[in-house]
Amino acid sequence: MLTLVVAGLAAGGAYAIFGVSIVVLHRMAGVVNFSQAVVGAFGAYVAAIGVERGWGLLWAAVAGVALSSALSIAIGLLFARLFSEAGAAVRTAAMIAVTVGLFAAGFRFFGDAPRAVPVVLPGASVSIGGVVVTAGTVIVLMIAIATALGMGWVLSSTRVGVQVRAISERPVVAELLGVPLFARTALVWGFTGFVSATGMLVVASNLPGSFSSLGFLVFPAMAAALIGAFRRLTLAFVGGIGVGVVESVSSYRETWSEYRGAIPFLIAAAVLLWTQRHEVWDAAR
Amino acid sequence: MRHNLRSRLRASLAAALALILLATSCSDDEDSSPAQQEAPATDASETPEPAEEPAEPDDDVQDEAPDDSAAVEPDDVEGAVPSEDSDGDEVDDVPAETTPAVADGTPIRVGNVSSLTGAGLFPEASVAAKAVFDRVNASGGIGGRPIELIIEDDGGTPEGAATAGRKLVEQDNVVAMVGSASVLECAVNSAYYAEQGVYSIQGTGVDPLCFLSSNISPVNTGPFAGITVSLYYASETLALDRVCNINLFVIPDLAPAFDGAVARWESLTGKSLTFRVKAATLEDDPTPLMLQARDAGCEAVVIDGVEPHALAVGRAIDAQDLRDIVWIGLTSYYTDAIASQLGSAGNGLRANSEFEPYGSGSPVLDDWKDLMNSAGVPLTSFAQGGYLAATIFVEALRSIDGEITRESVAGAVLSLEPYETPLLGTPYTFGPGEAHAPNQASKFVELRDGRWVTAADDWVILPG
Numbered sequence: 000m001l002t003l004v005v006a007g008l009a010a011g012g013a014y015a016i017f018g019v020s021i022v023v024l025h026r027m028a029g030v031v032n033f034s035q036a037v038v039g040a041f042g043a044y045v046a047a048i049g050v051e052r053g054w055g056l057l058w059a060a061v062a063g064v065a066l067s068s069a070l071s072i073a074i075g076l077l078f079a080r081l082f083s084e085a086g087a088a089v090r091t092a093a094m095i096a097v098t099v100g101l102f103a104a105g106f107r108f109f110g111d112a113p114r115a116v117p118v119v120l121p122g123a124s125v126s127i128g129g130v131v132v133t134a135g136t137v138i139v140l141m142i143a144i145a146t147a148l149g150m151g152w153v154l155s156s157t158r159v160g161v162q163v164r165a166i167s168e169r170p171v172v173a174e175l176l177g178v179p180l181f182a183r184t185a186l187v188w189g190f191t192g193f194v195s196a197t198g199m200l201v202v203a204s205n206l207p208g209s210f211s212s213l214g215f216l217v218f219p220a221m222a223a224a225l226i227g228a229f230r231r232l233t234l235a236f237v238g239g240i241g242v243g244v245v246e247s248v249s250s251y252r253e254t255w256s257e258y259r260g261a262i263p264f265l266i267a268a269a270v271l272l273w274t275q276r277h278e279v280w281d282a283a284r
Numbered sequence: 000m001r002h003n004l005r006s007r008l009r010a011s012l013a014a015a016l017a018l019i020l021l022a023t024s025c026s027d028d029e030d031s032s033p034a035q036q037e038a039p040a041t042d043a044s045e046t047p048e049p050a051e052e053p054a055e056p057d058d059d060v061q062d063e064a065p066d067d068s069a070a071v072e073p074d075d076v077e078g079a080v081p082s083e084d085s086d087g088d089e090v091d092d093v094p095a096e097t098t099p100a101v102a103d104g105t106p107i108r109v110g111n112v113s114s115l116t117g118a119g120l121f122p123e124a125s126v127a128a129k130a131v132f133d134r135v136n137a138s139g140g141i142g143g144r145p146i147e148l149i150i151e152d153d154g155g156t157p158e159g160a161a162t163a164g165r166k167l168v169e170q171d172n173v174v175a176m177v178g179s180a181s182v183l184e185c186a187v188n189s190a191y192y193a194e195q196g197v198y199s200i201q202g203t204g205v206d207p208l209c210f211l212s213s214n215i216s217p218v219n220t221g222p223f224a225g226i227t228v229s230l231y232y233a234s235e236t237l238a239l240d241r242v243c244n245i246n247l248f249v250i251p252d253l254a255p256a257f258d259g260a261v262a263r264w265e266s267l268t269g270k271s272l273t274f275r276v277k278a279a280t281l282e283d284d285p286t287p288l289m290l291q292a293r294d295a296g297c298e299a300v301v302i303d304g305v306e307p308h309a310l311a312v313g314r315a316i317d318a319q320d321l322r323d324i325v326w327i328g329l330t331s332y333y334t335d336a337i338a339s340q341l342g343s344a345g346n347g348l349r350a351n352s353e354f355e356p357y358g359s360g361s362p363v364l365d366d367w368k369d370l371m372n373s374a375g376v377p378l379t380s381f382a383q384g385g386y387l388a389a390t391i392f393v394e395a396l397r398s399i400d401g402e403i404t405r406e407s408v409a410g411a412v413l414s415l416e417p418y419e420t421p422l423l424g425t426p427y428t429f430g431p432g433e434a435h436a437p438n439q440a441s442k443f444v445e446l447r448d449g450r451w452v453t454a455a456d457d458w459v460i461l462p463g
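Those protein sequence lines, which keep their order, are chains Z and Y.
Everything in the first sequence is counted per numbering that gives the first Met the number 0, starting at 0 for the first residue and increasing by one.
Everything in the second sequence is counted per numbering that gives the first Met the number 0, starting at 0 for the first residue and increasing by one.
Just to be clear, a hint being listed does not mean it is correct.
With a cut-off of at most 25 Å between alpha-carbon atoms, the simulated DMTMM-like pairs for lysine to aspartate or glutamate come out as follows [unchecked claim]:
no., chain 1, residue 1, chain 2, residue 2
1, Y, K270, Y, D240
2, Y, K166, Y, D323
3, Y, K166, Y, E194
4, Y, K270, Y, E194
5, Y, K277, Z, E174
6, Y, K270, Z, E253
7, Y, K277, Z, E257
8, Y, K277, Y, D323
9, Y, K277, Y, D258
Treat the hints as calculated values from the structure; they're not laboratory data.
Since the structure is predicted, the reported quantities are computational estimates derived from the model, not experimental observations.
Whenever a hint applies, use it, and build me the whole structure from the sequences.
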């Protein structure tokens, strides 16, 4: 059993990165970013193509991560420009549209045939409980922890965090007060795009998945964000790791694994019920 | 309020744009298929284009790699022109000294339903079959009549397969199906073929009905007999006691056939599996399952899946240091792309080869290699299937006295003598049975330093 727990850490780390990124964007930009995983998938596939074309592992990975960051910044600027004053429902609808568009574009560029995403940092590894943990997994876990703790600190205790929150809540007022709207937006979206692409690169090299199946990794990430109630970064991190581990452990029995897709959401529901148990009806709504 | 309205308008515009994008990407995809179907029957250099993609990355590693530069060995030039020795057995009744007659009679129309777009691609079988027919046509065809292969793409979808089958049978009026390679064509069309009296010499049969139909007889072993023969190889040839099975190719319709394949091995050997596990979805990371197999004490694990699974499995073996176990993949693992992408990290991974391994230097492959190289078809297992199906079909056509019609072709197929070739471990048969699975043998190949090498030169043949 310990074997399976450790084996689930790689996927869990990636889910945690996506989940934490989703929570960060929700708090800073007021958007539920359904495209978190598909943006990362673009980076992973560009890296795969780069390696096929002989760019070398490092440059291919850099190109992939850079593309994901740029794509994420573009989405962020689009939202800052067009939907900064819009309500949550409109933003969500627009986000779904962008996500569907990205899936379509990815399908157009990469097709539906799975591709070999290169292994970043091959060779280096440590062994825990009979399972080899690769360097990639360790890096993903560290990025996830750093993002969760670092962004929490940025949001609550720094000037940049305050500015970004101001932009998300009163964009016009913030701009009048001299907050550099585009620079701050680009910073937040670019950062989440960067960490997502890194997480995707590591997790995709283990998976026999196509572009769309990588993009759909946003579902376990959503479960992680939900566990954090779209507010708490550390809970989202724990949720992401938990979902990855539960997925891995559920392969232990066929009867469990059949329901695997639903398990993260059952956990999320249970966690939400527990964390909000003291809330009165109005507050919890 | 105005603001809100405007952003709503923008949101719906964005949504519409996204939908249009989605629609164009889908329709473009469908559009691309007719271009491949309508490949002109005369131009052999153009058709392999869809086939090149999957084989692309491997060019540099293998010495028998399918790229054109490696292919131009001195004796290959003969392959371009039909000659006495390169033609081998299938056209030996045409005297070699006669100048190739022009086959200008009414074409004999033959159909082929293959997955050329979609999730699982099998582009080589149909172009390989076409190469065989083109060679026959260049030396006079069948009694002056050329063979015209009409290739239809099923897009890997049931609707696509049904449309393709009906178009070929009713509109093009084909006499038979030859060299089809698809994940689901048999399941969709076998009943229809039986109803219409059309027979299919399948190049690559995957779904269970390919091996359970009165009107279809595939040249390949297929995934189910492939599992049985791989288990048999582990327990009997390698004489390992603790044999296990991991099922990654988890499509609900295929589950009973995979269970049946394991049950067949159990009844053949009287042994039982030490451990068996199934993945939850096709996209799962196989690592947790493979670690469970190690913890269960497996000595050999037969593991299925499609080509991307091979990569994930090979990487997990390397990353988790699982080389103490003999890992045996299905024939879908046996591609040059997998060999070059895994490199020496994949050392020790084995797979079954349904025909004489295409990478082996065996002289029995010479005619096939010459023909494929001259037609620009990548040297893969699927190309062997298409080549064999077409070669056997030509043999059946030549046995017909009188007019060549769907009925006379059916008669010829049903009375076909067992076809022996060193490319197959068991003779190919058709005949009037209710089910046909003539290929019950495999050879086994092993990855060594980015190359597949034949692990043992003897066929492993399932008894009974």
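Tested hints:
Taken as a hint, the K270 (chain Y) and D240 (chain Y) pair is honoured in the structure, with Cα atoms around 9 Å apart against an allowance of 25 Å. Between K166 (chain Y) and D323 (chain Y) the alpha-carbon distance is near 52 Å, which puts this suggested pair outside the 25 Å criterion. A C-alpha spacing of about 15 Å is found between K166 (chain Y) and E194 (chain Y), which places the hinted pair at or below 25 Å, so the restraint holds. For the proposed pair K270 (chain Y) and E194 (chain Y), the alpha carbon gap of about 41 Å is over 25 Å, so the pair is violated.
A hinted pair counts as satisfied when its Cα atoms are at most 25 Å apart, and K277 (chain Y) with E174 (chain Z) does not qualify at roughly 56 Å. The hinted pair formed by K270 (chain Y) and E253 (chain Z) meets the criterion: a straight-line CA distance of about 23 Å does not exceed 25 Å. With a C-alpha separation of about 10 Å, the suggested pairing of K277 (chain Y) with E257 (chain Z) holds against the 25 Å cut-off. Among the hinted pairs, K277 (chain Y) with D323 (chain Y) is consistent with the structure: their alpha-carbon atoms are about 22 Å apart, no more than 25 Å.
A C-alpha spacing of about 11 Å is found between K277 (chain Y) and D258 (chain Y), which places the hinted pair at or below 25 Å, so the restraint holds.
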